[in-house]
Amino acid sequence: MNLTLDRKAAVLFALVAVLYIGTGFVQSWNTALSILNMGLISAIMALGVNIQWGYAGLFNVGVMGFTALGGLAAVLVASDPVEGAWSATGGWQILLALLMGGATIAAAITLWGKLQGHKLRGVIVASVLIVGFFVFRAVFDPAVATVEAINPALTGNIGGLGLPIILAWPVGGVLAAGAAWIIGKTALGLRSDYLAIATLGVAEIIIYILKNEDWLARGVKNVIGLPRPVPYEVDLQANATFVDAMQNFGADPVTASSITVKLSYAILFSVVLIALIWLTQRALNSPWGRMIRAIRDNETSAAAMGKNVTARHLQIFILGSAVCGLAGAMMTTLDSQLVPSTYQPLRFTFLIWVMVIVGGSGNNLGAVLGGFLIWWLWIQVEPLGLLLLQGITAGMAEGWLKAHLMDAAAHMRLLTMGLILLLVLRFSPRGLLPER
Amino acid sequence: MIIVENLHKHFGGFHAVDGASLKIETGSITGLVGPNGAGKTTLFNVIAGVLPPTSGRVIMDGEDITGLPPHELFAKGLLRTFQIAHEFSSMSCRENLMMVPSGQSGETLWNTWFGRKRIAEEERALKAKADEVLEFLTISHLADHPAGAISGGQKKLLELGRTMMVDAKIVFLDEVGAGVNRTLLNTIGDAIIRLNKERGYTFCVIEHDMDFIGRLCDPVIVMAEGHVLAEGTLDEIKANEDVIEAYLGTGLKNKDKIGA
Ligand SMILES: Nc1ncnc2c1ncn2[C@@H]1O[C@H](COP(=O)(O)OP(=O)(O)OP(=O)(O)O)[C@@H](O)[C@H]1O
Ligand SMILES: [Mg+2]
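Residue numbers (numbering that gives the first Met the number 0), protein chains in the order written: chain P, 0 to 435; chain H, 0 to 259.
Since the hints were derived computationally from the structure, they do not count as laboratory data.
The beta-carbon is built from N, C-alpha and C at its ideal position, and this holds for glycine as well.
It is possible that some hints are incorrect.
Covered by chain H, according to a simulated footprint, are these stretches of chain P (three or more residues, beta-carbon under 8 angstroms) [unchecked claim]: (1) 54–63; (2) 286–293.
Estimated spans, in silico, between C-beta atoms of each pair [unchecked claim]: (3) Gly200(P) - Arg117(H): 55 to 61 angstroms; (4) Val10(P) - Gly151(H): 36 to 42 angstroms; (5) Arg198(H) - Ser269(P): 51 to 57 angstroms; (6) Leu110(P) - Glu24(H): 41 to 47 angstroms.
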């Protein structure tokens, strides 16, 4: 990095800070902090994608799947255990069925390798899979029915471990890493577009499972009221010391409590973001980073110089996905709920990609900047657009044109994202903060 | 010793390597010559694990290494350079060299976070080594230049330099002298001889310049149309009728090209 780029980074980060602080003054500090918290999470997701794309050219279009796995981790780790769900014919039997399913697949893969050249290879492996599948269903289905019958209006799922939700963050990372390992093992080393297709497919499958497997996380019935890592507003308002302190300070205790909660989240998230930036920057400014850049510059040559390209790609793919999973768990923590239907490719995959491209792919700070900037715009463009269109149509007679224009406000977000993407690609094709 | 047994590499219906069999003795500097399109580079690519063979075997010191991936061959001490320079273009020339040795502790993520002291020591040693190699290749002044921005001949030197960063057993050089001026070519020749004598490197050298081949190589293997045509000292193959025929057959009118 040279000085001018450092200076440019400082200026751009300051500008984004002005956006957030301005929001605090013009709208409210509550709004500003809400946007900031999701901005922090977006920055972490963008960092995850940047690790994959910027440093290894791995095209992950399944960000939403990894994010959703993080959300699942939050439910499994932090929600209260469901009474009676872990009976021998319930939760344990589901676990048994899943293990058997896994064993079937493992057996099929081993056989496929062992029977190389055997005439009946296909038939044998297929029969193992088919038999395995029916055994799996025979064990799985009744157990699922048992679990889902437990108080379906409130639970009907296996529940969680009831542990502090912060623990779910690393667990979310591990779940996402596991999914990435499976995808990477199958698709890496093949043509690079296969990876993109695999990530897209697996992400859709993950969302599908979350929506349909009620025993797991209640499906579309959603899990709400997940515990928090920070105090509740009502508790703060009931706390005499807090109320006194805020009143001495001249602040309204209700507003103050809500700001305190959001600020606590912001501090937690900032710690994670800073730690991740530290880890990634250290890794990149090291022989490991040099090896990664060499691989990106010329895979054939890096392989000839003894570097195991596929293994490094797998490592990077797993790390980047883990970061997305971590961010997903943090997001579910912030929301206190898991709503599978909100995992839209547009909101997650597309928007995160815009952040990385606008910020500057290959540059960690760029991705972080993109995360903050694009998230702020994503939230603010709709009200701003509405205001703008109200201004334009103020003098118009009521009619189809005015109605049409006002309807268009709802689409401002996408329009703006497209426009920003175009402008950046035209005038600064390597992003606002290019790599070196 | 490298033994290539009846190696084939077909691209669709085209037989780029068509039943090549040859031996590279340990400690030798073996030349590999032949008209353009004879299949020399393709043969290198198959030996070095870049391309899978259609059929045939490659054996290194008694071990079948056919189809092993390049990084495993590197670990066994088999290195190669590329005919078309394959530099790491965004990295400095020095970094191009420093990345080569494997097993650097700084290549492990954990150490990049919590083992900086050891990395710093290793890096100092690597840098000294890289600078020595750059000095030797007369391109010290380019140490901090991005490798993508140096001249074609200089890139070839860098390619050679990479093989000097580790202790190799056998090095395959694909026209390492092409585009390099005569004085430097002599320096490269000296370097190859020295690496061969002092560090015991075995070399297999593709080159069109017969003076260069004559100075370094014994034996010389001639390839044409995907298979081995002749083998012997340069003088022997120069006198070989098949060889003269092969060179003329490609449309190279002047016999002097191979000094026959
Ligand atoms: N990937 C490929 N696909 C199809 N044909 C190929 C491929 N690589 C090489 N060939 C063909 O194989 C033949 C041998 O090429 P090769 O590069 O091995 O020749 P060479 O002996 O190294 O020649 P030169 O001295 O010009 O470098 C050529 O006719 C070339 O067109
Ligand atoms: Mg060639």
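Here is what the structure says about each hint:
With a threshold of 8 angstroms between beta carbons, the proposed coverage of the region 54–63 of chain P by chain H is violated, since 0 of its residues qualify and at least three are required. With 7 residues having a beta carbon nearer than 8 angstroms to a beta carbon of chain H, the region 286–293 of chain P meets the requirement of three or more and the stated coverage holds. For glycine 200(P) paired with arginine 117(H), a C-beta distance near 42 angstroms fails the hint of 55 to 61 angstroms. Take valine 10(P) and glycine 151(H): their Cβ atoms lie about 40 angstroms apart, and the range 36 to 42 angstroms holds.
Checked against the hint of 51 to 57 angstroms, the C-beta distance between arginine 198(H) and serine 269(P) comes to roughly 53 angstroms, which is consistent with it. Separated by about 45 angstroms at the C-beta atoms, leucine 110(P) and glutamate 24(H) satisfy the suggested range of 41 to 47 angstroms.
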